[in-house]
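2 protein chains.
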Amino acid sequence: MYYAVIFTSIRTEIDSGYSEMAQKMEALAKLQKGFIGVESARNEIGITVSYWENLEAIRNWKSNMDHLLAQEKGKSTWYKNYKVRIAKIEREYEFGF
Amino acid sequence: MYYAVIFTSIRTEIDSGYSEMAQKMEALAKLQKGFIGVESARNEIGITVSYWENLEAIRNWKSNMDHLLAQEKGKSTWYKNYKVRIAKIEREYEFGF
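If you read the sequences in order, they're chains A and B. Quick note on the working numbering: the first sequence kicks off at 1 and runs consecutively. Quick note on the working numbering: the second sequence kicks off at 1 and runs consecutively.
Same shape as in the complex, but just chain A:
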């Protein structure tokens, strides 16, 4: 099976390049080895779930240099708080595709 990274966050009120960076990071994630897909939505809370072939791909993405800079700016500026959960997909089913 494969893995999901569930990233839930509450934003600060400071924009300061957030949308551009979010787009840039999504584009960069898509280029990584082992990347499968990503889905995002935000109202009061933001939820981004990215899907990866294995844990090594997740580790590599976490320590990517550009991503590390974005993570630092996330903590200093954009996010009030966030939580990251690494999860192994064990089963799935779908409707309507």
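Everything labelled a hint here was simulated from the structure, so no lab data went into it. Be a bit skeptical, because a hint or two may be false.
Heads up, the list lumps identical chains together, so a pair's fine if it works in one copy or across two of them.
Okay, derived cross-link-like pairs now, DSS-like style, lysine-lysine, Cα gap no bigger than 25 Å in a straight line [as the list claims (entries may be wrong)]:
hint, residue 1, residue 2
1, 62, 24
2, 73, 24
3, 62, 88
4, 30, 62
5, 73, 30
6, 62, 33
7, 88, 73
8, 88, 30
9, 88, 33
10, 75, 30
11, 30, 83
Predicted, not measured: the structure shown is a model, and the values here were computed from it.
Put chain B on the given structure of chain A with help from the hints.
For chain B alone, coordinates are given in the frame of chain A:
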């Protein structure tokens, strides 16, 4: 560790009691044995992640009678498509809490 149910969906344009049912199902889920928490956001796509103590709790909630009726109405009326992923949380970390 614990489990997540990642529910991603695209809605139809038919409301027909959707918001009321979503609230009712969230309130009902919270009463279930083994329920830990739930987080939701929707823009183009909707993402709801619910957290559960074990797979049995997830199975019980899936087969809850009121929930089954909601699932049927979901397929006939509210959702263009959806995907459900059952995942085991293997690791987590957070910032700012």
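Evaluation of the provided hints:
no., hint, result
1, 62 with 24, "within (15 Å within a copy, 38 Å between copies)"
2, 73 with 24, "within (14 Å within a copy, 38 Å between copies)"
3, 62 with 88, "both (17 Å within a copy, 20 Å between copies)"
4, 30 with 62, "within (13 Å within a copy, 33 Å between copies)"
5, 73 with 30, "within (21 Å within a copy, 35 Å between copies)"
6, 62 with 33, "within (13 Å within a copy, 35 Å between copies)"
7, 88 with 73, "neither (28 Å within a copy, 29 Å between copies)"
8, 88 with 30, "both (19 Å within a copy, 24 Å between copies)"
9, 88 with 33, "both (18 Å within a copy, 23 Å between copies)"
10, 75 with 30, "within (23 Å within a copy, 31 Å between copies)"
11, 30 with 83, "both (21 Å within a copy, 21 Å between copies)"
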